[in-house]
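Peer 1: Sequence:
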Amino acid sequence: MNSSITPKIISYILLGFIFTGICLGVTAVSLPVDSYNDTIPTAGDIVTQKDGRYKLSDYSYDTDMVGVVISNPEISFEDLNLTDYHLVTYVGEILVNVSNKNGNIKEGDYITSSDIPGVGVKALESGQVLGIALENFEPALQDERGQIWVSVDIRTNYVDKNLSLNILEVIKKSLNSPYLTPIQALKYLLVFIIVISSFIIGFSSFGRISMETVESLGRNPLASSSIRKVMIFNFILTFIIMGIGLGIAYLILIL
Numbered sequence: 000m001n002s003s004i005t006p007k008i009i010s011y012i013l014l015g016f017i018f019t020g021i022c023l024g025v026t027a028v029s030l031p032v033d034s035y036n037d038t039i040p041t042a043g044d045i046v047t048q049k050d051g052r053y054k055l056s057d058y059s060y061d062t063d064m065v066g067v068v069i070s071n072p073e074i075s076f077e078d079l080n081l082t083d084y085h086l087v088t089y090v091g092e093i094l095v096n097v098s099n100k101n102g103n104i105k106e107g108d109y110i111t112s113s114d115i116p117g118v119g120v121k122a123l124e125s126g127q128v129l130g131i132a133l134e135n136f137e138p139a140l141q142d143e144r145g146q147i148w149v150s151v152d153i154r155t156n157y158v159d160k161n162l163s164l165n166i167l168e169v170i171k172k173s174l175n176s177p178y179l180t181p182i183q184a185l186k187y188l189l190v191f192i193i194v195i196s197s198f199i200i201g202f203s204s205f206g207r208i209s210m211e212t213v214e215s216l217g218r219n220p221l222a223s224s225s226i227r228k229v230m231i232f233n234f235i236l237t238f239i240i241m242g243i244g245l246g247i248a249y250l251i252l253i254l
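Counting in numbering that gives the first Met the number 0, the sequence shown runs from 0 upward without gaps.
Be aware that a few hints might be false.
Stated by the list, open to error - Only pairs whose alpha carbons sit at most 30 Å apart, straight line, appear in this in silico DSS-like list of lysine-lysine:
#1 K54 <-> K100
#2 K105 <-> K54
#3 K100 <-> K49
Quick caveat, the hints were computed from the structure, so don't treat them as lab data.
Start from the sequences and build out the full structure, keeping to the hints where you can.
Peer 2: What follows is the structure, given as structure tokens:
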């Protein structure tokens, strides 16, 4: 075999192993995570990035979360220039340190950061989440801590269930968009524009056609039955337009 081909074959084999590991396992990178008040970060702690440094996340719905400390990933990329580091992963099924401070955690609940350094809690409102709980955490006492498996996938998520409150929150967060991350700002502004536009289009169409219908009724009273049917149809169509707008806005928020 040609000696010049051998290194290429070895490189392809190594790349194949790496790709397989990324697809099937958990991949981590080495980061210089600072200690928190002399407390060394441990496996399962949530990590954030502040002012160019990595530390344990210590406030709720942290928009700068970067991942979770892990001790035994399938694949790790380590910086040989670092002498003090921890392996951190940002995606996969990971054991995460959690507390029931926001209530007991059930499988399927969204997990977010908290004011307990490195510890996750149940997400109760819209904001940045770490991932989805894969098991229950229901200790006997309040504010207890433990570890559960979490499907880690850091992103902004829309959690609230009450539609009327959601619309008010969308408007509020849209007005506060300069203080959000660019992706959050774009999302809330887009939703705000869609919601307002659907209402304006719906009511303006209904008002215009209603005026034309009233004028037609005045010119031809004998056709009142047909004209009323047109008004009812127009009323239903208006609500369909507004419903489609709200549906699109909701999909933008949850995706």
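Peer 1: Of all the hints given earlier, name the ones this structure violates by number, lowest first.
Peer 2: Failing hints: none at all.
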